[in-house]
Amino acid sequence: VFLAFPAIFPASATLVEKHESQKKRHAGITHTTRGREVAGLDAAGAALGAIALIGFAWIVHTGMGRYPSALVLAAAGMVWVLFAATLWWLRKKHVLPSFSTGSSR
Amino acid sequence: MQLLYRFLIGGAVVMLFAAIGDVLRPKSFAGIFGAAPSISLATLGLTVLDKGPHYVSAEAKTMIAGAVAFVLYAQDIARLIGGATNPLVRIRASLPTGRAGDGFGSLDSTAFWTSHRGCVSGVPCDLSRQRYLGGET
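The listed protein sequences correspond, in order, to chains A and B. Quick note: the first sequence uses the working numbering, first residue 34, plus one each step. Quick note: the second sequence uses the working numbering, first residue -5, plus one each step.
These aren't lab readings, by the way, just hints derived from the structure by calculation. Check before you lean on any hint, since a few could be wrong.
Said to hold, decoys possible - Derived DEER-like restraints, expressed as beta-carbon distance ranges:
(1) A:A103 / B:Q(-4): 17 to 27 Å
(2) B:T56 / A:A108: 14 to 24 Å
(3) A:A60 / B:K55: 43 to 53 Å
What the hints assert, rightly or not - In silico lysine to aspartate or glutamate, DMTMM-like type, Cα no more than 20 Å apart, as pairs:
(4) A:K51 / B:D16
(5) A:K56 / B:D16
(6) A:K57 / B:D16
(7) B:K55 / B:D44
C-beta: ideal position from N, C-alpha, C; glycine also.
Using the sequences provided together with the hints, build the complete structure.
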């Protein structure tokens, strides 16, 4: 189960929020929700990546033992990238529901 | 020795995906790399060599459950701090509102990643609530 542990996302979301808030503070804006909104976008993107992660795990589960291991891992990685990018594109084109916080940034 | 390899390779893969996510724009696309199969790519390759492909296949089966939990966890975060809406959020938004709806959101994390308060996915979720919603639970 912990192979799908969110290792990168919490750190990146925290950093993104911090950087965006700092940018606004440097511009003289003290009260802003910009950092929070961008972190929310980051989280929504991570949700799409996590859906693609299900595809990755499924490919590894079904392919291991039947095909060469290196090939299965490479194919699963490619499927993850393509699946995640396709989901993001579908949402950008409003085929999937879009963000309520505004346009994608 | 294998633990050392795992540590080094895992760290390198996590850093690689984190760097990719940091430079890409727009942020919603970069966020995808927050859910990159970093730990799994680092671990599965070594596990294949050590225990064989059938063992890895069984591991990947349970990883599917972990990935489903990750989806719900990221949805929770997006809903709490960004107000993002997409299909899963909408499904949950259509459920009973108020405390009951909130409880269902908590259940996502609880069921798969132990507790909403204090373990795995629960920690950032709770932090975000305290930080952005003024301690509202």
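Checklist line | Earlier hints that do not hold, by number | finding: Result: no hint breaks.
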